[in-house]
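In this note's numbering, the protein residues as written are 31 to 99.
By construction, these hints were calculated from the structure, which means they are not laboratory data. Treat the hints with care, since some could be wrong.
In silico lysine to aspartate or glutamate, EDC-like type, Cα no more than 16 Å apart, as pairs [to be verified]:
hint : residue 1 : residue 2
1    : K41       : E88
2    : K41       : E74
3    : K54       : E44
4    : K54       : E64
Here the structure is a predicted model, which means the values were calculated and not measured.
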Amino acid sequence: VGCIIGKGGSKINEIRQLSGSHIKIADPHGDANERLVTITGTPESNQMALYLLYSRLESEKARLGLRHN
Numbered sequence: 031v032g033c034i035i036g037k038g039g040s041k042i043n044e045i046r047q048l049s050g051s052h053i054k055i056a057d058p059h060g061d062a063n064e065r066l067v068t069i070t071g072t073p074e075s076n077q078m079a080l081y082l083l084y085s086r087l088e089s090e091k092a093r094l095g096l097r098h099n
């Protein structure tokens, strides 16, 4: 989640600004490693937000994969 939110919310705010969508990340429940992400806006802005979020996740997965090899 840190790779999406960033320090002080910098990454998620950038995604909000670039996409034009409202993005809310719920607090985690108990010991769960998952968090609910709610995206609202126009279909186009939501599609852009999803693209940017998935891009951040894929970049982080690749970065972590390289670190472990």
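Comparing the hints with the structure gives:
Distance hint between K41 and E88 is fulfilled; the C-alpha atoms sit about 15 Å from each other, no more than 16 Å. A C-alpha spacing of about 20 Å is found between K41 and E74, which places the hinted pair above 16 Å, so the restraint is violated. Restraint check for K54 and E44: satisfied, since their Cα atoms lie roughly 13 Å apart, inside the 16 Å limit. Proximity of K54 to E64 is assessed by CA-CA distance (about 14 Å); at most 16 Å being required, the pair is judged to hold.
Checked against the numbered hints above, the structure violates only hint 2.
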